[in-house]
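**Student:** Single-letter residue listing:
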Amino acid sequence: MSAPQRKTDIGPPHYEQFLPPVIKKNYGDWKYHEQLAPGVMVHVANSGDKIFSVRVGSPRILATDSIRDACAIADKYCDGYLRFTSRNNIEFLLSDESKVAPLKEELKNKGYAIGGIGYRVSNPVHTQGWVHCHSACTDASGLVKSMMDELYEYFAEKELPNKVRLAVACCVNMCGAVHCSDIAIVAVHTKIPQVDAAAFKNMCELPTTIASCPTGAISPDPATKSIKIKQEKCMYCGNCFTVCPAIPIKDPDRDGVAIVVGGKVGSLRSDPKFSKLVIPYISNEPPRWPKAVAAIKHILEVYAKDAKKFERVGEWIERIGWEKFFDLTDIEFTFQHIDDFTFARDTFRTASTFKW
Amino acid sequence: MPKKYDTPLLDELEKGPWPSFVSEIKKCAAKNDMAADELGLLEKSFNTKIGYWKHGGIVGVRGYGGGVIGRYCSIPEEFPGVAHFHTVRINQPSGWFYTTDALRTACDIWDKYGSGLTNMHGSTGDMILLGTRTEVLEDIFAEFSSRGWDLGGSGSAMRTPSCCVGPARCEWSNIDTLELCYQLTQEFQDELHRPSWPYKFKIKIAGCACDCVAAIARADCSIIGTWKGNIKIDQNEVKNYAKNGFDVQKWVVDMCPTGCMSFEGGELKIDNSNCNRCMHCISKMTKALQPGDEKGATICIGSKAPIVVGSLLSWVIVPFITVEKPFDEVKDVVRKMTEWWDEYGKPRERIGEVIERVGMRSFLDYIGVPPLPQQVKEPRKDPFWFFEEQDIESIKAKEAEEKKTGKYKF
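Chains A and B are the protein sequences, given in the same order. So in our numbering, the last one in the first sequence is 356, and the numbering has no gaps at all. So in our numbering, the last one in the second sequence is 1410, and the numbering has no gaps at all.
Next up, chain B with everything else stripped away, as it sits in the complex (with noise of 0.2 Å):
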């Protein structure tokens, strides 16, 4: 039997109406000496208020310099259960969609080798194993990828790339989120195994800018869905929604960033050329508007958490890319934005912070995306900036061209 441990401030955590985390420990607690001291742990930490994990240690598999964290507790011999406590990240199936045999399999791995605890799931979309011993890491594996499964990212790799539920249930997804996710994994499996880049490299794919998997704010290289052309309206519908009581000018036309739309006698009318493809209409009138036919991606890069010198949004690098099978376009470019900043990113430094530092052009002339003003919000405003010999010699031509012709060209 585990050892026992009183816990009255997490046992207060096992009140109230949403599903409580300490209960989850205790199933776990009931029947294994690891979750048992994990909860005698965690008690500790909430009575001192300062927990008590060291730092990763380099632990994982053969042949594999990522996919298991090393995690040691600071005090083992207070509670030895807890000594190892590695983590280890299983790459999730695109979307997360599972059937119950899977998962059981993968639960009765883990009950056999680990804690019983898991996230389902982490941050970057593994299935996250929490709680486990160095000596069992090969078993783990071997239990796993014999049945199919692999491990996910970690350290200064790829990481585990993650996708919206896309065109297996929305309506709105304008690319095939999950195969093209499988397609990327697949295609980095090198570069997501074994750490060889400054730092880590997160790649989310949503299927339109409501952005369900937060790609614009926590990946390095951010895959939305867009569409060019015109908004799809059925006119009959936009008249049901009235009739029903929307208010289609108040919520809709009036709502509008751009103020492209109007709504006159009953008509819904877009002036597609001034759309800025935000979502905001068709996310509110799901029957009536659908995206437009001619459907690709905007991938943008840089963005992550405040570490070190700020957060970061990801910024618009390819403002159109055409995503389908076998998406040898989106993954040429991906592959050229990571050498660019292997070749140039100092360690500990993602992405977006070598772009800033080196230079966007350095970055758009390597992958080979020319300069447009979808990339920017605006441009510079002050009266510094390089010119290469080729630009000047550029402008040079044109303006010859332009006396024997008589016309300007800006």
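So here's chain A without its partners, still in its complex pose (with noise of 0.2 Å):
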């Protein structure tokens, strides 16, 4: 049979048709909302209606056999509407009270992991990684697994001065917000890439990959009618491998996870922040990670006993001076953290009123 026909620049389906009822009765016309539980929230209309949420953790890599559950369950309990979070998480949206137990109730015994709502961790946001990238140095999701295990009652249960978002990047290209989150992994390259010539020849522009590298590191090499690197400029960005497919960056042995940590997106208190680099290399170590794992644990742990009450991971940290953090998380400062890219001058310290 011949597939229907197509449609063009029709752009999305409009979102009122996906709206529960509720929704749509008081859309724009919300009042004040409440954490009831672990994962629970409901939220008061000016009319009184309410609607809660549950929020169940998803790893994002979904089949469809998995997504025609969560509807099975919330067709029993939701009259057939859902809808997804900007962290991947699932939402069953309840006007009924009385089936919020029972809903939770299934989704446990089902497996699902109910939580990420207020001063916990949340979901982690990340990226491909080894199962669909071309320029991952790390797996993403194998990262996001592991971490989330290791922290599932912060998850699932147990309250932190704030919220904390986590995130993974599997390269530096960062199609996660992991240059905005409280404690996140971005996985890096240590070594230069090695240019194939002979590939280069048909592969690859030379003016393209000259003018990729932030750091002036590419030349031409007239010889074999392809490019050279220098070593001593090269920070392994891998944007070169990006437009040019015949200069490889992987290495198996050298590819390895940052820990960075103190972004944030929000302008409560204070305005949005970048993360900045706090552990500049970890081996990559399938399937568990189990060195980075333990890395994010320690550091959220010191944060959760060290900030005080609604402080985000980053504001601790301004409070307290970069110093400290590294004293109190017994992290080790090295030549990796001091900038020399682009906007280094302005982290520099211009007073002598640091401590010790």
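If you are wondering where the hints come from, they were derived from the structure by calculation, not from laboratory data. Quantities reported herein were computed from a predicted structural model and do not represent experimental measurements. Treat the hints with care, since some could be wrong.
Simulated crosslink set (SDA-like; lysine to any residue; CA at most 25 Å straight-line) [to be verified]:
1. B:Lys-1200 with A:Phe-341
2. A:Lys-31 with B:Lys-1228
3. B:Lys-1003 with B:Tyr-1072
4. A:Lys-7 with B:Val-1333
5. B:Lys-1228 with A:Asp-271
6. B:Lys-1044 with B:Pro-1002
7. B:Lys-1200 with A:Thr-208
8. B:Lys-1200 with A:Lys-163
9. A:Lys-309 with B:Gln-1290
10. A:Lys-201 with B:Pro-1002
11. B:Lys-1287 with A:Pro-4
12. B:Lys-1112 with A:Lys-108
13. A:Lys-50 with B:Lys-1015
14. B:Lys-1026 with A:Glu-150
15. B:Lys-1325 with A:Asp-29
16. A:Lys-163 with B:Asp-1247
17. B:Lys-1054 with A:Ser-283
18. B:Lys-1026 with A:Asn-109
19. B:Lys-1381 with A:Lys-309
20. A:Lys-108 with B:Lys-1015
Two chains, two frames, some hints: make the complex.
**Tutor:** In structure tokens:
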């Protein structure tokens, strides 16, 4: 049977047809919300109507059968409506309070992870990794799974001073929001790309490849009709490899992960912040990356102990000072921590008012 | 029956309380050859610590330049099921709301033509269908588009806009994020499907400064809801918070970044002229405090990840804009911004980087926004700046006027 008639440029379906009736009725007219239990909140409208949201974590990679399972649950309890969040959770939306407890029971029995709302670790955003990406230097899903198994209680139950947003990016392209997360992993290369001169001629453009380098490390090599890379200038960003497949940068023994902390996107109390480097390199150790996971848990627990109520990780560190952060966490400070890239000068200390 | 692989390393990741992506891949691998080889290939990566995917190839559907990302395995002879393993991006509905019927239909189409694996959702917001072959792309597109779905953006194009849950289920949303997201997506359909720009252009829309979609960090164009005027206070609810053990002084007043609040005699006062609308107090006392009535948005421009000369957060460009149907004001300014970027941008240069290189003045002039102190953290410090003839002329004219009136105007 042939496929139906195609249409172009119609855009997405209008969202209104997917809104539960209680949302349609109270659209833009909500009064307040409260968290009732980990992973459960209620929004109350000015009309007095309520909508209950039960949030479950997901690994983002979902099989169609799992989506169907979630749909069956939504049919049973939520009149056939559900939504996903910006951090890849599934939210079951109910207008009937009496169904909340049985829904939670069924979700628990089926192994869903309820949580992620409020002052907890929320579902990490992450990238494709070895599952599906050409530039990955680690597996993002594997790291997230390993990390969240270890931090599960902070997702499902235990409260922290404030929410903690985790993220994993499998290379410096950072398709996830690693650059503005409380605690995040970014995978890095540590060796300069290898030039395949024979393949270069057929696969790559010389000017594009040279222009792709942010540090000016690439120059023409007329002898081989290819390029040369200056070792001491290369920071392994891999941008040249993105525009030219003939200079592979992946290296199984040298690719690894770095940990960055202190970023946020909300403007509450203090401006949005970038995450900053705290551990420059940990070897890739699939399937469970034990050292990277231990480092993340360690940082999270020092934060949980030392931060004041409502301080995000970055706000806590700015209050105590980065020198104190390295002291409290007992993380070694190295040359990699001192910036020597685009915005370096703004990071050098200009007062003698630091702590020991 | 699809091929079976031993996957001792991946099996390890089926243990533990967090939902397992390996179990997801296995569910598909049990009935689909592509997914089976994806599983085998991933186990190999876990063994060798390296990926086996090649750069994306040019694949797509007729009349479109994006929406499908070509993906080929570098060792197809070993894993023929993933020789092609293309990604299809389906433009999600605003706010990621679905009916179960709609989702099941999408699943049925995907099981028929693809691996059965999805990402719900991709980083930009699309529903991601992971793994299919070139020859069925037209069929997939016909199945989806005939049912009212379209492809999302990819390449040097408008990327699929996304938004927070907004007025659908949040009392803090100052704008109709869902409708604006829908309307902007419709407005830029051509730019979304036919890459013709220097690089990608992302739009994210958040209803308030909590920014649940990370607009300020992850979108070239960050539209963030805000308000003018006074925060609405329900003093009875304030008293209830205090009565129930909530420390209004310590957790709200003392944490206010502008010090514009006081709490005396059980009454909360706000000096609204000094409030910067950060959302801390409102988010901590949801029953007592609400944003003011004159609602709109701040448009910030330029955020991106580190590639290539460093990550950027978006910069305030339009401090306040009215956001009401049919959103002409927002559409016009966004279009002007992209026009300017398209004029000056070099290949693979994001709009924020072009503003840095060409200059903020050129950008503001083109889009018709005046210089405002709200756009900067502080004025420049070094004594080097440009004057255009008209700048001096207008200063001279002002001085001449002052001579006449005897009154200085700084």
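**Student:** Each of the hints needs a verdict: does it hold here or not?
**Tutor:** Do the hints match the structure? See the list:
Of the supplied pair hints, the one linking Lys-1200 of chain B and Phe-341 of chain A holds, its CA atoms being roughly 24 Å apart against a limit of 25 Å. Proposed proximity of Lys-31 of chain A and Lys-1228 of chain B is supported: the alpha carbons are some 19 Å apart, at most 25 Å. Proposed proximity of Lys-1003 of chain B and Tyr-1072 of chain B is supported: the alpha carbons are some 19 Å apart, at most 25 Å. With a C-alpha separation of about 29 Å, the suggested pairing of Lys-7 of chain A with Val-1333 of chain B is violated against the 25 Å cut-off.
As the CA atoms of Lys-1228 of chain B and Asp-271 of chain A are separated by approximately 19 Å, the hinted pair is consistent with the 25 Å bound. Taken as a hint, the Lys-1044 of chain B and Pro-1002 of chain B pair is honoured in the structure, with Cα atoms around 18 Å apart against an allowance of 25 Å. For the hint linking Lys-1200 of chain B to Thr-208 of chain A, the alpha-carbon distance of about 17 Å falls within 25 Å, and the restraint holds. The straight-line distance between the Cα atoms of Lys-1200 of chain B and Lys-163 of chain A is roughly 31 Å, outside the 25 Å bound, and the hint therefore fails.
Only pairs whose Cα atoms come within 25 Å are accepted, and Lys-309 of chain A paired with Gln-1290 of chain B is accepted, the gap being roughly 22 Å. Under the criterion of a C-alpha separation no larger than 25 Å, the hint pairing Lys-201 of chain A with Pro-1002 of chain B is inconsistent with the structure, at around 40 Å. Taken as a hint, the Lys-1287 of chain B and Pro-4 of chain A pair is broken in the structure, with Cα atoms around 51 Å apart against an allowance of 25 Å. Using a Cα cut-off of 25 Å, the hinted pair Lys-1112 of chain B and Lys-108 of chain A is violated, with the two alpha carbons roughly 31 Å apart.
Proximity of Lys-50 of chain A to Lys-1015 of chain B is assessed by CA-CA distance (about 37 Å); at most 25 Å being required, the pair is judged violated. The hinted pair formed by Lys-1026 of chain B and Glu-150 of chain A meets the criterion: a straight-line CA distance of about 23 Å does not exceed 25 Å. For a cut-off of 25 Å, the pair hint linking Lys-1325 of chain B to Asp-29 of chain A stands: about 17 Å separates their Cα positions. Between Lys-163 of chain A and Asp-1247 of chain B, the direct Cα distance comes to roughly 19 Å. Compliance with the 25 Å bound is thereby established for this hinted pair.
Under the criterion of a C-alpha separation no larger than 25 Å, the hint pairing Lys-1054 of chain B with Ser-283 of chain A is consistent with the structure, at around 23 Å. Distance restraint check for Lys-1026 of chain B and Asn-109 of chain A: the Cα-Cα separation of roughly 21 Å lies within the 25 Å cut-off, and the hinted pair is therefore satisfied. Restraint check for Lys-1381 of chain B and Lys-309 of chain A: not satisfied, since their Cα atoms lie roughly 37 Å apart, outside the 25 Å limit. Restraint check for Lys-108 of chain A and Lys-1015 of chain B: the C-alpha separation of about 16 Å stays at or below 25 Å, so the hint holds.
Hint compliance for this structure: hints 4, 8, 10, 11, 12, 13, 19 are broken, all remaining hints hold.
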